[in-house]
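So the sequences go chain by chain: A and B.
According to the working numbering, the first sequence is numbered sequentially starting from 834.
According to the working numbering, the second sequence is numbered sequentially starting from 3.
Any given hint could be a false lead.
Distance windows between CB atoms, simulated [to be verified]:
hint : chain 1 : residue 1 : chain 2 : residue 2 : range
1    : B       : G136      : A       : I920      : 37 to 43 Å
2    : A       : D1058     : B       : I65       : 53 to 59 Å
3    : B       : K137      : A       : V1007     : 43 to 49 Å
4    : A       : Q1035     : B       : H90       : 55 to 61 Å
5    : A       : E871      : B       : L127      : 53 to 59 Å
6    : B       : G140      : A       : I920      : 44 to 50 Å
7    : A       : H952      : B       : G136      : 50 to 56 Å
8    : A       : N894      : B       : Q81       : 55 to 61 Å
9    : B       : A61       : A       : Q1035     : 50 to 56 Å
10   : B       : H90       : A       : E923      : 30 to 36 Å
11   : A       : D1058     : B       : L130      : 36 to 42 Å
12   : A       : K856      : B       : S128      : 24 to 30 Å
13   : A       : Y1064     : B       : S128      : 31 to 37 Å
14   : B       : T113      : A       : I920      : 45 to 51 Å
By construction, these hints were calculated from the structure, which means they are not laboratory data.
The beta-carbon is built from N, C-alpha and C at its ideal position, and this holds for glycine as well.
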Amino acid sequence: MNAFDKLDKELLRAVADLEGIPKGAFNIRKNGALLARECNANIEIENNAKGTGIIIRIKANTRNESVHIPVILSQAGLYDVVENDFIIGENCDVAIIAGCGIHCGSDQQEGHAGIHSFHLARNARVRYVEKHIAIGDGSGKRALNPTTKVQLDSGAHLEMELTQLGGVDEALRVNEVVVDEGASLQIIEKVMTAKRQTATSQTSILLRGKGARSNMISRSVIRDDSRQVLYAVMEAMAPCFGHIECDAIIMDRGTNETVPSLKALHPDAELTHEASIGKIADEQLMKLMSLGLSYDEAVNRIIQSFLK
Amino acid sequence: MLEVKDLRYAVNNNGASQEIIPAMSYRFQKGRFYAITGPNGSGKTTLAKLIMGIYAATAGKIILDGVDITAKPVNERAQAGIAYSFQHPARFKGITFRELISIAANTDDATEILRLMKRVGICSLSHLDIPVDGKLSGGEIKKIELATTIARNPKVAIYDEPDTGIDLWTIEPMVKLIKNEQVNHGTTTIVVSHNKAFLEAADTVLILRGGQFFFDGTFAEALPHLNNISVCDYRTCGDKTYDECFR
Ligand SMILES: Nc1ncnc2c1ncn2[C@@H]1O[C@H](COP(=O)(O)OP(=O)(O)OP(=O)(O)O)[C@@H](O)[C@H]1O
Ligand SMILES: [Mg+2]
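Okay, chain A solo, but in the shape it has when bound (with noise of 0.2 Å):
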């Protein structure tokens, strides 16, 4: 499609995994305005009454289809910050994908700031893609700090994968999420900071109905100087289940605080954690140093699975 120029295919491909016009319904938005956008019958995209950000809206029902919301910045200076709502009917199926590409080319900030509001209604279940990365050989600071705030309702299932591998300097995320009975989270969050950028993340998620269940999982890799925070709280008001497993490698001069929290506000309730900081393990490299692996090598090799 000719509204898209090299860079934007660049970013949308590394946010996306986007060749092209993606299948199924999508909106595409640049430097803070609308590019591209499809419905279907299924699925609705419209601008919200404030005209700061879009609401989705997926018929109850609706099974094995997608809808494709990236962001792409290449504008120098502007911070973008939008408000998307989505609402996803009874028993869907659905997966979406979003995320932002950055590209900075100057010495000015640029940056966006998405705020993302998911109500699952009963037995829904959606998988939810979110990539951050920033690219470019601009001096200026890429800031990312996207809020997600999720209600699901009783049986409703939601599998959040949370990704930012590179070029982002200052992040910060925040995840709220509400379990009623019967529903499940999973969150997979994996980040990856490098020379002196920082990311920090604050998750709390509140199991609020009977036979809610949370599985939070936190891979981190730290290079050169950059520093991430890590908070995540769990507290369980009903007879559930919920475990939190946080991960954090350091490579370099990085440093790490993961602050895991448990609150059991309910006698029945079943909350776990683990939590490790620390460089790579020896016993690690050398098992694949002993398969013939240099130390390089080795070491790529067991971060790239890390954040695989």
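Use these hints to put chain B with the ligands onto chain A, whose structure you have.
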């Protein structure tokens, strides 16, 4: 041929030097099957790790087919033809069966990877993409560890207690598999084990005690030593608590 010459390994124990292997010289003949046994803590794993290059020798030499490899790093020894199955295999976060065997065998061919997995008794296709992590059972991790060594088709294969955690039905097939590799590929095979099945299958049994081979012979010749409790160096436990030792 693999040779260790005056091989020494000492560690610093609170300022005092502790000799784990004081001075060992031995020639492992090409294509022969060796079983090394000996009491816990006698230095079997240490010797294996010295040969693989995971530990650096304090003194002495390690020579493979006439080439001094003492100063070579682990990956160069691997490329020179040495493979080692760890007693306690590493567990990863993310690396799958497929990836690990693919690195070892240097192929991405799924059929070949599955064939190697089948050979060590992991039959299910569903295992291909599961991670080699802390969730695997003790036997599963040892099987995958064995597969990575076989996959390399090495000149010298060292298996460190390959049978720990392996079920009764799998031990005999495992002995046969290792024996077949030795016979079909002329692999110099060194199995560290406490299991008679491996000692019987070996051409040579070596008994290690205090970092030295004090016995070198056939299984039949080794038997009296294996049944003699004084081989165990429990006397060094200290004379006061000696009577309380469960041995
Ligand atoms: N880095 C180290 N520092 C101190 N002591 C060590 C170190 N590495 C090994 N040792 C000691 O060296 C001795 C030999 O250990 P090794 O693991 O080689 O024994 P092993 O014969 O393989 O025993 P097992 O049958 O229990 O596997 C042990 O007493 C061990 O505690
Ligand atoms: Mg040992």
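Tell me if the beta carbons of K137/B and V1007/A are separated by a distance inside 43 to 49 Å. This hint is violated: roughly 31 Å between Cβ atoms.
Lying within 50 to 56 Å: is that true of the beta-carbon distance A61/B to Q1035/A? The hinted range 50 to 56 Å holds for A61/B and Q1035/A, with Cβ atoms some 55 Å apart.
Lying within 24 to 30 Å: is that true of the beta-carbon distance K856/A to S128/B? Hint holds: Cβ distance 29 Å, inside 24 to 30 Å.
Distance restraint evaluation - Y1064/A, S128/B, Cβ atoms, bounds 31 to 37 Å: 36 Å, holds
Just to be sure I understand the hint, the distance between the Cβ atoms of H90/B and E923/A should be within 30 to 36 Å; is that true here? Check failed, 50 Å falls outside 30 to 36 Å.
Does the hinted range 36 to 42 Å hold for D1058/A and L130/B at CB? 39 Å, holds
Whether the CB-CB distance between H952/A and G136/B falls inside 50 to 56 Å: Hint violated: Cβ distance 36 Å, outside 50 to 56 Å.
Taking 44 to 50 Å as the stated bounds, is the beta-carbon spacing between G140/B and I920/A within them? 49 Å, holds
Verdict for G136/B, I920/A (Cβ pair) under range 37 to 43 Å: Cβ of G136/B to Cβ of I920/A: about 40 Å, so the range 37 to 43 Å holds.
Go ahead and decide if the range 45 to 51 Å is satisfied by the Cβ distance of T113/B to I920/A. 47 Å, holds
Taking the beta carbons of N894/A and Q81/B, is their distance inside 55 to 61 Å? About 58 Å separates the Cβ atoms of N894/A and Q81/B, which means 55 to 61 Å holds.
55 to 61 Å as the expected CB spacing between H90/B and Q1035/A, which holds or is violated: With a Cβ separation near 37 Å, Q1035/A and H90/B fall outside 55 to 61 Å, so the hint is violated.
The structure is inconsistent with the numbered hints 2, 3, 4, 5, 7, 10, although it conforms to all the rest.
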